[in-house]
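Participant: Residue numbers (numbering that gives the first Met the number 0), protein chains in the order written: chain Z, 0 to 291; chain E, 0 to 291; chain B, 0 to 291; chain X, 0 to 291.
Just so you know, these hints were derived from the structure itself, not from any lab. Treat the hints loosely; a few may be bogus.
[To be verified] Within a straight-line C-alpha distance of at most 30 Å, the following computed BS3-like cross-link-like pairs (lysine-lysine) qualify:
{"id": "1", "chain 1": "Z", "residue 1": "102", "chain 2": "Z", "residue 2": "156"}
{"id": "2", "chain 1": "E", "residue 1": "153", "chain 2": "Z", "residue 2": "153"}
{"id": "3", "chain 1": "B", "residue 1": "21", "chain 2": "E", "residue 2": "15"}
{"id": "4", "chain 1": "Z", "residue 1": "72", "chain 2": "Z", "residue 2": "130"}
{"id": "5", "chain 1": "E", "residue 1": "214", "chain 2": "E", "residue 2": "15"}
{"id": "6", "chain 1": "Z", "residue 1": "102", "chain 2": "E", "residue 2": "153"}
{"id": "7", "chain 1": "B", "residue 1": "15", "chain 2": "E", "residue 2": "21"}
{"id": "8", "chain 1": "E", "residue 1": "153", "chain 2": "Z", "residue 2": "130"}
{"id": "9", "chain 1": "X", "residue 1": "21", "chain 2": "Z", "residue 2": "15"}
{"id": "10", "chain 1": "Z", "residue 1": "153", "chain 2": "E", "residue 2": "102"}
{"id": "11", "chain 1": "B", "residue 1": "153", "chain 2": "X", "residue 2": "21"}
{"id": "12", "chain 1": "B", "residue 1": "15", "chain 2": "E", "residue 2": "15"}
{"id": "13", "chain 1": "X", "residue 1": "15", "chain 2": "Z", "residue 2": "15"}
{"id": "14", "chain 1": "X", "residue 1": "153", "chain 2": "B", "residue 2": "102"}
{"id": "15", "chain 1": "X", "residue 1": "15", "chain 2": "B", "residue 2": "153"}
{"id": "16", "chain 1": "E", "residue 1": "130", "chain 2": "Z", "residue 2": "153"}
{"id": "17", "chain 1": "X", "residue 1": "153", "chain 2": "B", "residue 2": "130"}
There are 4 protein chains.
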Amino acid sequence: MEDMEYRFQRMSEIEKRIASSKDYRLVSREFKPEDTVIEIDGAEIGAERIAVAAGPCSVENEEQVMETARSIKRSGAVMLRGGAFKPRTSVYSFQGLGEDGLKILAKAREETGLPVVTETMSSDTVRLVAKYADVLQIGCRNIQNYPLLTEVGKSDKPAVLKRGFNTTLQEFLLSAEYIMAHGNPNVILCERGIRTFETMTRNTFDLSAVPILKKLSHLPVMADPSHATGKRDLIMPMSRAAIAAGTDSLIIEVHPTPERALSDGAQSLHLHEFEEMMEAVRPVARSIGREL
Amino acid sequence: MEDMEYRFQRMSEIEKRIASSKDYRLVSREFKPEDTVIEIDGAEIGAERIAVAAGPCSVENEEQVMETARSIKRSGAVMLRGGAFKPRTSVYSFQGLGEDGLKILAKAREETGLPVVTETMSSDTVRLVAKYADVLQIGCRNIQNYPLLTEVGKSDKPAVLKRGFNTTLQEFLLSAEYIMAHGNPNVILCERGIRTFETMTRNTFDLSAVPILKKLSHLPVMADPSHATGKRDLIMPMSRAAIAAGTDSLIIEVHPTPERALSDGAQSLHLHEFEEMMEAVRPVARSIGREL
Amino acid sequence: MEDMEYRFQRMSEIEKRIASSKDYRLVSREFKPEDTVIEIDGAEIGAERIAVAAGPCSVENEEQVMETARSIKRSGAVMLRGGAFKPRTSVYSFQGLGEDGLKILAKAREETGLPVVTETMSSDTVRLVAKYADVLQIGCRNIQNYPLLTEVGKSDKPAVLKRGFNTTLQEFLLSAEYIMAHGNPNVILCERGIRTFETMTRNTFDLSAVPILKKLSHLPVMADPSHATGKRDLIMPMSRAAIAAGTDSLIIEVHPTPERALSDGAQSLHLHEFEEMMEAVRPVARSIGREL
Amino acid sequence: MEDMEYRFQRMSEIEKRIASSKDYRLVSREFKPEDTVIEIDGAEIGAERIAVAAGPCSVENEEQVMETARSIKRSGAVMLRGGAFKPRTSVYSFQGLGEDGLKILAKAREETGLPVVTETMSSDTVRLVAKYADVLQIGCRNIQNYPLLTEVGKSDKPAVLKRGFNTTLQEFLLSAEYIMAHGNPNVILCERGIRTFETMTRNTFDLSAVPILKKLSHLPVMADPSHATGKRDLIMPMSRAAIAAGTDSLIIEVHPTPERALSDGAQSLHLHEFEEMMEAVRPVARSIGREL
Numbered sequence: 000m001e002d003m004e005y006r007f008q009r010m011s012e013i014e015k016r017i018a019s020s021k022d023y024r025l026v027s028r029e030f031k032p033e034d035t036v037i038e039i040d041g042a043e044i045g046a047e048r049i050a051v052a053a054g055p056c057s058v059e060n061e062e063q064v065m066e067t068a069r070s071i072k073r074s075g076a077v078m079l080r081g082g083a084f085k086p087r088t089s090v091y092s093f094q095g096l097g098e099d100g101l102k103i104l105a106k107a108r109e110e111t112g113l114p115v116v117t118e119t120m121s122s123d124t125v126r127l128v129a130k131y132a133d134v135l136q137i138g139c140r141n142i143q144n145y146p147l148l149t150e151v152g153k154s155d156k157p158a159v160l161k162r163g164f165n166t167t168l169q170e171f172l173l174s175a176e177y178i179m180a181h182g183n184p185n186v187i188l189c190e191r192g193i194r195t196f197e198t199m200t201r202n203t204f205d206l207s208a209v210p211i212l213k214k215l216s217h218l219p220v221m222a223d224p225s226h227a228t229g230k231r232d233l234i235m236p237m238s239r240a241a242i243a244a245g246t247d248s249l250i251i252e253v254h255p256t257p258e259r260a261l262s263d264g265a266q267s268l269h270l271h272e273f274e275e276m277m278e279a280v281r282p283v284a285r286s287i288g289r290e291l
Numbered sequence: 000m001e002d003m004e005y006r007f008q009r010m011s012e013i014e015k016r017i018a019s020s021k022d023y024r025l026v027s028r029e030f031k032p033e034d035t036v037i038e039i040d041g042a043e044i045g046a047e048r049i050a051v052a053a054g055p056c057s058v059e060n061e062e063q064v065m066e067t068a069r070s071i072k073r074s075g076a077v078m079l080r081g082g083a084f085k086p087r088t089s090v091y092s093f094q095g096l097g098e099d100g101l102k103i104l105a106k107a108r109e110e111t112g113l114p115v116v117t118e119t120m121s122s123d124t125v126r127l128v129a130k131y132a133d134v135l136q137i138g139c140r141n142i143q144n145y146p147l148l149t150e151v152g153k154s155d156k157p158a159v160l161k162r163g164f165n166t167t168l169q170e171f172l173l174s175a176e177y178i179m180a181h182g183n184p185n186v187i188l189c190e191r192g193i194r195t196f197e198t199m200t201r202n203t204f205d206l207s208a209v210p211i212l213k214k215l216s217h218l219p220v221m222a223d224p225s226h227a228t229g230k231r232d233l234i235m236p237m238s239r240a241a242i243a244a245g246t247d248s249l250i251i252e253v254h255p256t257p258e259r260a261l262s263d264g265a266q267s268l269h270l271h272e273f274e275e276m277m278e279a280v281r282p283v284a285r286s287i288g289r290e291l
Numbered sequence: 000m001e002d003m004e005y006r007f008q009r010m011s012e013i014e015k016r017i018a019s020s021k022d023y024r025l026v027s028r029e030f031k032p033e034d035t036v037i038e039i040d041g042a043e044i045g046a047e048r049i050a051v052a053a054g055p056c057s058v059e060n061e062e063q064v065m066e067t068a069r070s071i072k073r074s075g076a077v078m079l080r081g082g083a084f085k086p087r088t089s090v091y092s093f094q095g096l097g098e099d100g101l102k103i104l105a106k107a108r109e110e111t112g113l114p115v116v117t118e119t120m121s122s123d124t125v126r127l128v129a130k131y132a133d134v135l136q137i138g139c140r141n142i143q144n145y146p147l148l149t150e151v152g153k154s155d156k157p158a159v160l161k162r163g164f165n166t167t168l169q170e171f172l173l174s175a176e177y178i179m180a181h182g183n184p185n186v187i188l189c190e191r192g193i194r195t196f197e198t199m200t201r202n203t204f205d206l207s208a209v210p211i212l213k214k215l216s217h218l219p220v221m222a223d224p225s226h227a228t229g230k231r232d233l234i235m236p237m238s239r240a241a242i243a244a245g246t247d248s249l250i251i252e253v254h255p256t257p258e259r260a261l262s263d264g265a266q267s268l269h270l271h272e273f274e275e276m277m278e279a280v281r282p283v284a285r286s287i288g289r290e291l
Numbered sequence: 000m001e002d003m004e005y006r007f008q009r010m011s012e013i014e015k016r017i018a019s020s021k022d023y024r025l026v027s028r029e030f031k032p033e034d035t036v037i038e039i040d041g042a043e044i045g046a047e048r049i050a051v052a053a054g055p056c057s058v059e060n061e062e063q064v065m066e067t068a069r070s071i072k073r074s075g076a077v078m079l080r081g082g083a084f085k086p087r088t089s090v091y092s093f094q095g096l097g098e099d100g101l102k103i104l105a106k107a108r109e110e111t112g113l114p115v116v117t118e119t120m121s122s123d124t125v126r127l128v129a130k131y132a133d134v135l136q137i138g139c140r141n142i143q144n145y146p147l148l149t150e151v152g153k154s155d156k157p158a159v160l161k162r163g164f165n166t167t168l169q170e171f172l173l174s175a176e177y178i179m180a181h182g183n184p185n186v187i188l189c190e191r192g193i194r195t196f197e198t199m200t201r202n203t204f205d206l207s208a209v210p211i212l213k214k215l216s217h218l219p220v221m222a223d224p225s226h227a228t229g230k231r232d233l234i235m236p237m238s239r240a241a242i243a244a245g246t247d248s249l250i251i252e253v254h255p256t257p258e259r260a261l262s263d264g265a266q267s268l269h270l271h272e273f274e275e276m277m278e279a280v281r282p283v284a285r286s287i288g289r290e291l
């Protein structure tokens, strides 16, 4: 490995820079030593209890969302996730239901009480999404979309900021700083896998990011094993691992019929699988002194 | 290397998919076998003559831009590049002059006749930038900013689409398809380096992308050795290499006083260095039957 | 992410190929459905109890090794690791004590009863190392050193095969197949981090590899958080995470005085830190029905 | 891109370290400012004339090798390459003809006068290979096989050292230093592609390595477009690009009937394609003041 003494030196130098640089001001532990706990109506992120968000990749119709919301609530999830505006690689793919999708999510919240996390894709739709959502999600492709970060920074809704699949942890924190510098103190840092040469998983789940982010920043950390691995049978073991590594929150893709999902079916859990997963991870949370 | 027979099979399978998939319709050679030549007032991209765009990373003031524009024109550049809206990793860095910067660029065009390439960072500023620019640049961080791609697709100005440092060639072409599907046929595909483990260069200049893109697509290709390498002394050899690999165009960072540049100084050429570079690369263009 | 339907399809296709290909014969679950448990004098790898190997990067002198061996045994380690032949990037660095180092390791085994894991670097020293070692380690730089794999395959000592920092899981399994095809059924697959663009850690700890390897192969899995992260303060959380992900074994760098270590000091735990780590990870093992 | 000022600073810091560190002593330009020219019976590497080595991946039989040798000589190649000992990912693949293959290569040299480049895979076969070969090749999987580097360092035959697909340029130079420190001054540094996330090519051809290596070291540089790209139709443009970037030498896979090759057929040129390629690249060499 190149010149390790030099490399080790550089690694701790990076930590020192983050601690002292004015570019990482609001996000850093030096600025705010105690953990940030984000209170959302009905959920807390960053507290002792690990908060689980779950739901489908895309909002497809009301029935799908209502069935999912009821089921995940019974299993112990505290937030509902679902996409109404979908960033799709192909211009010819299903792009989401838009505002109609947001309305469906709001209806599910009304019935179940679960706060809603949903994505906003551009600076000019932040207000529209914030009208319905409890938490604004910034997707991994928009981690350096500075006009969007700025606009979310002006919102009074908390934000889930997903690490880009190509983003260093330094850049990730600098993007969080954008949001905070514009006035929004409630940012959740979500690790969702990085792009590497390995092809057995969709991305490589960088779980070391969890304790590193907790050390450098006071912000709560979320982990997304669904997007990181892309494989249904890895969700349970990697959720356990994320909890053991110290994450404050999980976000999981769940669908009543993954085989028929309009997107990301191969990585979505069935409703009963999600229930089993929650049972399977709970003892790990307890073993490190947390609840779920 | 894993199982090479399988890998080789997969590589040609990818080419076949691109040729037949409806997701890659407008960008593909199957759709349009002959090369696209984009005509801009005073420049052609994709024709026999290799088109060189040059200029500073950021527009800093009128004097800097005018001096640069006059000098690069004498050296043989056919377009002026310069950033007025700057995507910056740190929220506390210089973010560009905005519309004032656009006006300076327009003034330089007026005097020198050089068409202007400049970046637009969000869907809601495309019109503003298009008012002043001849070519809209989409930066590497916005390669999957679909609202922006859509808006540029509705513009009548040609676009330089920079490959993300994390973007596969398949994704790159799918992003170009977004622009074309919304009505804009004039897209220039710009290779500017990808993120790898190597740290001696800013990114890794993926020159194989040039002949691959020329084979799969009819769109003209541009190469950006400045951002790809991040090192002044690599610009000349890597410009030569890009031309030899078949690029239709180069984009080069040039500054009257790189030592004092507000951004990217270490990779910018002095005006006289740019002149020398143009002399040095011209014979390579001729050796493969092109001009510059 | 390129074309996800295609990518998901490809991922499960890879699994099917591994299950059916003759290239992955002896390593695969299809060949041997039940877990392989490797019995070493005094330790079992792959059984219910998670086996922990610990010790210094390099054997430096007798006192260092004896002190370490006694201490890690008290803390619950079941194997002693230490390098006598050291692969060093610079030809001018300390290259290990060679056979003298092996003798020190053997002496520590004699006193403590801990079996010894140590590296063999070339086919012509396998026999010499096997004379002293209980388990032969193949380092990450030698993952595709086929003459070495072949020679270890002819040995009657179990092998720890470290994944190269550049090795796909497919290649990793193919290298294990080399050892098994030459007659040695006792291979331990060790994940130790892969090389990515992220620079905050020495490598990126690919913990998804753990459940994937357990699914595709019957061989026991080991995890090495010391080399994967390169940072002392990440060892505990990432050991917990590795256990939660399902590893059968851990290997940890420990040194009486890391500040004065001849190699890898920044990632080595003090003896008392190792003791604390063992206490901290034990509840996680229990929470998933295992011991440690 | 993280914090560019810092990154640029780090890049030039790396160059300074290489220039001053005792770990990079014999390889560096500071140690020996003038270019090293390696004289082999019938060929010079590092001189004005660009030296081309060509031949099959594996030696399969006498007829294949003789036909190839005669043909490539007519086309202008000055060395014959071919593998007798083959590192194969699968233990069940064809592993090369061994010494019989070396004898066939020697016979081809006898008839054509072309010196022979062939791979040695382990320290204990260096002497055997050196008995027949004019240049010893160290494959990319062995770039950090230190016992092998040491043994080649003791040989009086020049060495082609292939960069690992996972190797930084710093590590690459440190491996060359191993060979030189053991007495062998004649090392050729061969760029052959690095492993990245891009899947359209076998590896990513890192051509920036060419001018960087020429700047930091006095050793001659070789480029291998066959392994870097893995695609027959990229060999010509990428050979041109490598020459334009300043390589001293090329190594190209050629086979009389690639469709029937026992390995690497998809990236091998037909004999007539090689002839055409040589014609196509010659003007590029001349355009930068070199011959071929």
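Participant: Going through the numbered hints above, which ones does this structure break? Give me the numbers in ascending order.
Facilitator: Per hint list: 11, 15 violated.
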